[in-house]
Each structure stands twice: as structure tokens, then as C-alpha cells.
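Quick note, the sequence shown lines up with residues 1 to 673 if you use UniProt numbering.
By construction, these hints were calculated from the structure, which means they are not laboratory data.
Since this is a predicted model, take the numbers as computed values, not measurements.
Careful: at least some of the hints might be erroneous.
Straight line, CA to CA, 16 Å or less: simulated EDC-like cross-link-like pairs of lysine to aspartate or glutamate [to be verified]:
hint	residue 1	residue 2
1	Lys528	Glu504
2	Lys14	Asp381
3	Lys288	Glu302
4	Lys428	Asp473
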Amino acid sequence: MTNPLLTDWTGPYKLPPFTEISDADFAPAFDAALTEARANIAAIADSADAPTFANTIEAMELAEEALEKVAGVFYNLAGADATPARQELMRDLAPKLAAFSSEITMNTALFARIDQLWQSRESLGLGPEQARLLEQYYQMFTRSGAALEGEAAERMREIKQRFASITTQFSQNLLADESGWFRPLAEDELEGLPDFVIDTARAAGKERGQDGPVLTLSRSLIVPFLQFSPNRELRRIAYEAWTSRGANGGETDNREIAAEVLKLREERAKLLGYESFAAFKLEPEMAKTPEAVRGLLMRVWEPAKAAAEADAAKLAEMMHADGINGDLEPWDWRYYAEKRRVAEHDFDEGQIKPYLSLDAMIGAAFDTANRLFGLEFKEIDGPFYHPDVRGWEVSRGGDVLAVFLGDYFARGSKRSGAWCSAMRSQRKLGGAPVPIVVNVCNFAKGDPALLSHDDARTLFHEFGHALHQMLSDVTYQFLSGTSVARDFVELPSQLYEHWLDVPETLEKHARHYKTGEPMPMELREKLKGAATFDQGFSTVEYLGSALVDLAFHEGAAPKDPMAKQAEVLREIGMPHAIRMRHATPHFAHVFSGDGYSSGYYSYMWSEVMDADAFEAFEEAGDVFDPETAAKLERFVLSAGNSRPPEELYTEFRGKMPGVEPLLKGRGLLDPAA
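Assemble the whole structure, with the sequences as input and the hints as a guide.
Quick look at the structure:
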């Protein structure tokens, strides 16, 4: 019987035949694809012909087509709709794929061909994108250990395989803790909760097979519960369950894994001649050095901490007025911040949500893309990989640019958070079909689904990443879409968030789901007035995580990461009532792979640019200014990694920005300064 993962996909847009694929198809498909990829790489490395850009670099670009095809489907499904079989295969695949990667990047014959091309690059007559691709391949091989020999080379292979296995285990442990915990809620424990939180809890109970409402660790449920529940003891129980993910002892405890990950990273960096993993990791990024990262983070830390401490004093006063003595605790902050927001801004999340239905916000994101970039969206029929998933054809001027899939609702089989991925990335080489771009979120399901303002911001954020993929216009997949420096990749996503709150968007799309009436001007003004509310808290909890991440990787790997975490937070004076956004045992950005290791700062690095970039539209006098949008597409969204990011941003804006627009946007500038 033919494996559907390995056939030519002939349906509309050449989408994967989801209904024909079973879990049993993945392992043999990976085996066949790996065999084919190995043969293709061997043919390149062992060729008797002198190396050329075409027979070496371009050939490598196409050598793993079947493997990328299978992996594109599998890893999207494994993250968004896990099954025991998929999790088991992920554990099996991790060391196998790491070994395969090492075979390539540490293949001496292959590296010799790349090195020869690199040394003679000035005489090859390469175009700008080709020169960039050669540079990126040479950098990838050298940074992967291609120049290592003997015991050092063998140890590097061992490190990569072990690293792949334990980071996969970290992710699966976290998912197990998140999906395994729930607490039934008695009717009296629903007191004080808005209807939308109660409805979400009842829906969660139904999903868990319970007779009544339950509290889960889904962010779309636990955060509003912490905001609105007057039951302090229950808030404490919920908060501690949420923040202790990965640190509950037993098989799913991630603390030892975190320690080993840090040790392996340090060893890897030392093998390559770097003094620390942070020095190694940051070298190709915009920041370049740990010192530059720390400088940015600490520049923001002081005003953020001052704002948070001032807010904490006010929240403690409110708590004491309720007859509760003692210190303000982390499980108190969101509850009293919400009460303060209502008191000071007359702003209630429950007033906003009826105007932010999921369908309306999808429409707002699409309409913004149409006004800025001329994109058109036509919903298409599935079936897709899950009944919740929706799909759209994305076109411009009659040309189909991509297929966009939206998977918006929380479920037990989906890891937490929100992300953008591609089942198939953009490229021109080899005549590839259109990209398949996926946004995954964890919103509470409802009829209709109503979003918080934070949820709506998340939707716009992830769609900004999707635009980076869909508008990519490069020849080589290695350079396409979001394949950019880690501290540049968040620019499109964070910039796109700005359009959620512009008056034109709210007036057109923020309409009551029952009446169709637009959000009243009074409510829009309240939303605007509360935009920088509690920014001390959100900035401090983020910076705590970013500074701990940096400290983990700047020097020798700590034997006890939890002790190191405590030390860093103590040194910076972390306020008592605020904890890190992501504590070490559930810090998936850092310990589920290498993506954001030494790089969690990148959200703030990109925010410096996104605040400045949106000012370009404001300076043009129109937040939908077509000339500014065209420049943004040309130099950021379509360019991928075809040029260094600082060059691309400077082409767009004329200069690199300072930190002031970020502080202004977060309301952290001293008005007297």
C-alpha cells in the first residue's frame, strides 16, 4: 500500500491528504525520506566534479525535499494535536534526526566543497542572494563543528543526539503536566467570575468528562480566573499549580533535564572555541554580544521595576482595605490589578469581549493585510488535520501566494502558547507549490468564541509571523520567511499588533457579536486609556525570564539551575509579588530546543524596532500609508534572510532606533524627564 506522505499531493493547493494519513504512516515515511536524503547528500559530497554553486549549494537546497515534506506535516501535528503514538515517535526521531544533521554538517568531503566555494567566492560571479546563501551555509557548517576532528568531532555528535532527546522529553513533560492537572469547581467557587470565565470552565469540564466546571492550566482559563476570583486560597492553589509545571517530581520533572541541557550547551560552545554559550549563540544575531543584550535589558529594567513597585504598593493598600493582612503575593496581583483597572479606568474585560469575537478579529487581521499589502483571503474547505482548523487561500492580483491555516482553540492534545509554523515554506528554486502557513493559538471555545484584548493581540501577533512567511519572495528556502536572526524574527509579529488598536480597525471590526453595533467611542477611549496599564508588571515578569536566560548561558553552566535562577532574581531585586513569566522547569522557549536559548531577550530587541517602525506610518500621516507599507514589505516581509537584518531595517527606516519609543509605548518614560 502506498504511503500517502510520500506520494505526489495532487489535491487543491497540493495540501497534505490529511484524511488518508495515519500515525502508522509516519515512521516508514521518515525512514524512506532519510534514506533518500542520505543518498542525495552522498552524491553531492562524493562528486568527482569540481564544486560549483549549482552542484553543491543549490543541490543541497533540494536534497531533503521528501524529508521536509514529511517533517512539515508531522511536527505541526505533534505540537497541535499530540497522540501517544506521535509522542513516542518524536522521542524516537529526536536522536535519529540529530545524527542525520551531524552526518551532513560534519561530513568532511562536503565541507571541503563548501569551504572551497567560500574561499573563492569573489570569483564565482554570484548574485546578492546567492552570496548570502553561501555565507549562511558556510556559517552553519563551521558553527556545527565541521572543522572538528577526532574525539572532538565524535563528542559533538554525541552532544547533539543527547540534546535532541532530552529537549524533546522536556516538551513532553511540560505537556503532560499542563494537560494532566485540573480541579473541579463547586458552584460557590464560581462566585465573582464573569459569565465568559464560567462558560469556559464548564466547557473545560465537558472536555475532561466531568459533570461540572473545572479549572485547567490553559492560559485562556487560568489567567482570567486569577483576575476575577475573589477566593484567595483557590487563587493560590491555581497559581502554584500553573507555575510549578515541570517541577512536580516524578517522571515529568524537568529540573534535571534543564541542568543537563545547560551543561551540554556549555560543552558545545567550548568545543567550538567560544568562552560561553551566550557568546557563541549571539555572534550571528543583531545583538552580537551578551554585553549588548544585558545593556538593553537593564536599560528597561530600572524604570519597569520602579513602576512595578509603585503599583505593588497601591495593590497592597487595596488588599489591606479588604481586611487581608500580610504581603501582596503573586496570586493576588492579577486580582487586585483588575479591580484597580476597573476603578481607575472604568474598564472591565467583560465589557470588551462581546466586541472581540474570534471571527471579527480574524476579519480585522485579514482586512489590515488587505489595506497594507493588497492581500485577499478566500475560505476553503478541508478536511484539515483537526475539525477545529480553518483554511484560506491567500492571493493578490489573482495570483495565489499561500494557504493559511488557523487552529485557534485550546485542547488537551495541544501544547500551550501560540505559534506560527509552515508545513511548506516559500521558495522559487525547483518550482515549489505555494507555502502552507499555520497559526496555532489556545483560545477558549465558545458560541461564539469571544476574545480578551490580550487574545486579540496574540491573534494579530501570530498573523504578523504568518505574513512574514506568506509574503516571502526569495529563491532559496534556507533564506525564506522567518529564517532570520532570532532578534529580528519578532519584528513583523510585534509590529502587526499595533494595527489592532488603531481607530479604523476598532470602528470597522470591533462590533458586538449580537447586535452588530460598533464598540462605543467611550469604551474605545477606556481601552486606549488602559493600554499601558500594569506595564510595570508585564515588563518585569518578562525581563526576569530574559535575564535568567542570559545568566544561564554567560558563564559556566550552573549545577543547580533553580539556585542560579533564585540568585539572579535576588541580584536584580525582583519584586516579591512578581515571578518570572517562565520559570526554568517550564521555560519551553529555552529548554525545548535551541531557538530562544540566550535569545529570550529578542522580543524586547524587536520591540525597540517595532515601536520605531510603527512611528514611520504615523509620521506619514496614515497608519495604512501605501508607500510605507510597500517599503516594509520590500525590506522586511519579503526579504527573509537575503541580507543582514540591520541592513534591511536601515533600508526601511533610514537608521537603527533607540530605546525611547519602546519606553514610551510601555508608558515607562518619566514624564518629568
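Consistency of the hints with the structure:
Among the hinted pairs, Lys528 with Glu504 is consistent with the structure: their alpha-carbon atoms are about 13 Å apart, no more than 16 Å. Restraint check: the Cα-Cα separation between Lys14 and Asp381 comes to about 13 Å, which is no more than 16 Å; the hinted pair holds. Pair hint Lys288 plus Glu302 does not hold up; C-alpha atoms about 23 Å apart against a cutoff of 16 Å. With a C-alpha separation of about 8 Å, the suggested pair Lys428 and Asp473 falls inside the 16 Å cut-off, and the hint holds.
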